[in-house]
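J.: Taken in order, these protein sequences are the chains called A and B.
Here the first sequence is numbered in my numbering, starting from 647 and rising by one per residue.
Here the second sequence is numbered in my numbering, starting from 6 and rising by one per residue.
None of these hints come from the bench; they were simulated from the model.
Be careful, since some hints might not be right.
Stated by the list, open to error - Computed cross-link-like contacts, BS3-like style, restricted to lysine-lysine with a CA-CA straight-line distance of at most 30 Å:
id, chain 1, residue 1, chain 2, residue 2
1, B, Lys167, B, Lys343
2, B, Lys392, A, Lys777
3, B, Lys168, B, Lys392
4, B, Lys311, B, Lys282
5, B, Lys123, B, Lys168
6, B, Lys392, B, Lys382
7, B, Lys174, B, Lys232
8, B, Lys202, B, Lys232
9, A, Lys777, B, Lys311
10, B, Lys282, B, Lys305
11, B, Lys348, B, Lys123
12, A, Lys763, B, Lys282
13, B, Lys343, A, Lys763
14, B, Lys403, B, Lys282
15, B, Lys430, B, Lys392
16, B, Lys348, B, Lys100
17, B, Lys403, A, Lys763
18, A, Lys777, B, Lys232
19, B, Lys207, A, Lys777
20, B, Lys348, B, Lys167
21, B, Lys100, B, Lys382
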Amino acid sequence: MSFFIEVLINGLLVGIMYSLVALGFALIYKASGVFNFAQGAMSLLAGLALVSFLTVMPLWLALVCTVGVMTLLAYGTVFIIFRPLVARPPLILFMAAIGLAFLVEGIGQSIWGTQAKGLFIGIPEITWEVKEVFLNSFDLFFGVVAAVLVAGLVIFFQKTRTGRALRAVADDHEAALSVGIPLLRAWAVTWVIAGIVATVAGVAWGSRLGVQFSLSLIAYKALPVLILGGIDSIPGAILAGLVVGAGENLAEVYIGPYVGGGIQTFFPYLLALLFLWFKPYGMFGKEIIERV
Amino acid sequence: MRRKLILTLISLVLLGSLVMVSGQALAEEQTQFFGILAYRTGPFAAGGSGFSSGWEDFMELRNLQGGVNGIKYSWEECETAYNTARGVECYERLKDKMVLVHPLSTGITYALIPRGTKEEKVIWSSGYGRADASYGAVFPWVFTTPTSYWSQNSAKISFIAKKMGGYEKLYGLKIANLHIDIPYGQETKPMLDALAKKYGFKIKHFPVPWPGIDQKAQWMDIVRRFKADWVINRNWGVSCTVPLKEAARLGFPADRILGVWWCGSEEDVLPAGPAAKGYYSANWHGVGRDFPLIQEIIDKVYGAMKGHISFTRVGSVYYNRGVWAGVVGEEAIRTAHKKFGAKVLNSEEIRWGMENLNITQARIKELGVEGFMSPIKTSCENHEGGKEVLFQQWDGEKWVSAGTQPPMRDFVWERHKASALQYAKEQGITPRDCKE
Chain A
647 MSFFIEVLIN GLLVGIMYSL VALGFALIYK ASGVFNFAQG AMSLLAGLAL VSFLTVMPLW
707 LALVCTVGVM TLLAYGTVFI IFRPLVARPP LILFMAAIGL AFLVEGIGQS IWGTQAKGLF
767 IGIPEITWEV KEVFLNSFDL FFGVVAAVLV AGLVIFFQKT RTGRALRAVA DDHEAALSVG
827 IPLLRAWAVT WVIAGIVATV AGVAWGSRLG VQFSLSLIAY KALPVLILGG IDSIPGAILA
887 GLVVGAGENL AEVYIGPYVG GGIQTFFPYL LALLFLWFKP YGMFGKEIIE RV
Chain B
6 MRRKLILTLI SLVLLGSLVM VSGQALAEEQ TQFFGILAYR TGPFAAGGSG FSSGWEDFME
66 LRNLQGGVNG IKYSWEECET AYNTARGVEC YERLKDKMVL VHPLSTGITY ALIPRGTKEE
126 KVIWSSGYGR ADASYGAVFP WVFTTPTSYW SQNSAKISFI AKKMGGYEKL YGLKIANLHI
186 DIPYGQETKP MLDALAKKYG FKIKHFPVPW PGIDQKAQWM DIVRRFKADW VINRNWGVSC
246 TVPLKEAARL GFPADRILGV WWCGSEEDVL PAGPAAKGYY SANWHGVGRD FPLIQEIIDK
306 VYGAMKGHIS FTRVGSVYYN RGVWAGVVGE EAIRTAHKKF GAKVLNSEEI RWGMENLNIT
366 QARIKELGVE GFMSPIKTSC ENHEGGKEVL FQQWDGEKWV SAGTQPPMRD FVWERHKASA
426 LQYAKEQGIT PRDCKE
């Protein structure tokens, strides 16, 4: 039983890491209707920038500078890439996001090279054994960071003037424009927030794997989370991340041996697709009924 | 008047292109051309860029010295991004000009074996690819020099036995084979199963789905449920690093993890930080810059600003692997020159050179690569040729030698041959008579 609990808890902690990536997708989709395929590449860029800054400055300043880089990227993305695409079909925006992902990766590779880089930010790696269950300080730390981040985002979107404006833009671009909300500025703010989330994800995953180009592949881990949680839902991204993390780990350990193993990549997709039978918009996704 | 000017300009451009193309063709005609299936982009770029650059720097050095018996090298890179489909596309693009190809991926090797065999191109999967292709009677165009994955794994089991205090100590031992779930990762399963039967250890295979960025489930299973004594780390790229971190989290010692030689580079251990200290991996060549040949490359190639990679990477594992490929490939050329004369070799001639390699310890010294590589002797039947597997340990800052182990030659060879003959039967291939 203790092994089951250990797999479950560790699965939940991995799930939180998936949620960190999924959050970026949900934020941008919620505000601008863009399925930001570049979220993984943004995490990679944040990780690369942070590693570079850390060589010449302390962690806090390096983090500030990294957020600065992500802010520049956000403004550049909105005003150079998406501005001419306002009111274009969602597929065009999606294609632009794919292009952005390759662009960010390519620029990153040109500047920082292809070498894997270690990212060590001083989080202790201590393992505790609690009633035969192993828990790791690193995983718990990022679990707490994700919880704080989500709480902050919920407060921002629900309680602040800018947050409410962003929600208005998300609900109806034209109506928001008609009451004086500047659309492009709202988008830019959303991309900056997604950049900050990407920085947190980049730090979390970069500390686990090292900062290397595979980091952009974490985007694939976020996709079943988005399907399950609802593509435009922040609480959905968190809850679905937990379900996916726990589900894939339990499946790998308990079902894997009977089917040859290595099922943890497709199992979350299976789970998400099954869930769609009952809730086509995901757990917390907004149900949109349109006249055809 | 304007129309005349435009027509003149177009004619000049066309003429210029023609001169350039024919000049290039002429240059290639007089040089030994190699098509390089590189991957300088994508998640595995660290490995791909190191190998290609080491090889290119070696060829650059030789060109600066006047070539091999007066024949210079020329080459062209084609980017595969470690993608099998793109690898095949690159082969198709370069096949008319090249006589030998390093696919640099087990997946691409599998895809190219039937094509290369039909089109008579040498496929040299150095230390990777299809293990049973070491049996030259069935695979005349394929070489696994220096050793196949099966040979490497038999040496790994010997290494574990040595660490445990003898082969008899293998009985009852639990070894986890943590492998990426692609053809490359699956290649060694039959050999490890056979070795487990022979020595009485328990082997369990733990597949890691590509790209292997999360292996928590596998590691909990390995450490907490299977309770492994040793873990074989058979991954690639980021999936090589993750096990070191996960093992540390679960208190599994790094010096009980033994990596494949594609999980034994600086790029695999540096991101893991202190968690990697003590980790072992296989290898087949020296690491570092303390070899006369590497020094020569630094002086002459980098001194002339003609290097193909950042100077900081010169001497790293993947870079030196590319240099090793250059050295051995050149020995094949020299061997063929002795028989066919010093000229640009065709496929059959270079294949003959590869098949008649005899790099002795004395020759190694002569080449300025003592301590960098082991002797190699190939034959019509033996397309492997290597005699030992090197082991190295990460001391927290650099790789240090952990000794050598010979592969279990007879045990592995029997299986190479049986598997190759089975393949021949399935494909309707009549094996060559190597006694002729």
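J.: None of the hints should be skipped; say for each whether it holds.
T.: To see whether the hints hold, each was checked on the structure:
no.	hint	result
1	B:Lys167 with B:Lys343	violated (42 Å)
2	B:Lys392 with A:Lys777	violated (50 Å)
3	B:Lys168 with B:Lys392	holds (21 Å)
4	B:Lys311 with B:Lys282	violated (35 Å)
5	B:Lys123 with B:Lys168	violated (45 Å)
6	B:Lys392 with B:Lys382	holds (8 Å)
7	B:Lys174 with B:Lys232	holds (17 Å)
8	B:Lys202 with B:Lys232	holds (19 Å)
9	A:Lys777 with B:Lys311	violated (61 Å)
10	B:Lys282 with B:Lys305	violated (35 Å)
11	B:Lys348 with B:Lys123	holds (24 Å)
12	A:Lys763 with B:Lys282	holds (16 Å)
13	B:Lys343 with A:Lys763	violated (46 Å)
14	B:Lys403 with B:Lys282	holds (10 Å)
15	B:Lys430 with B:Lys392	holds (29 Å)
16	B:Lys348 with B:Lys100	holds (20 Å)
17	B:Lys403 with A:Lys763	holds (15 Å)
18	A:Lys777 with B:Lys232	holds (18 Å)
19	B:Lys207 with A:Lys777	holds (29 Å)
20	B:Lys348 with B:Lys167	violated (47 Å)
21	B:Lys100 with B:Lys382	holds (27 Å)
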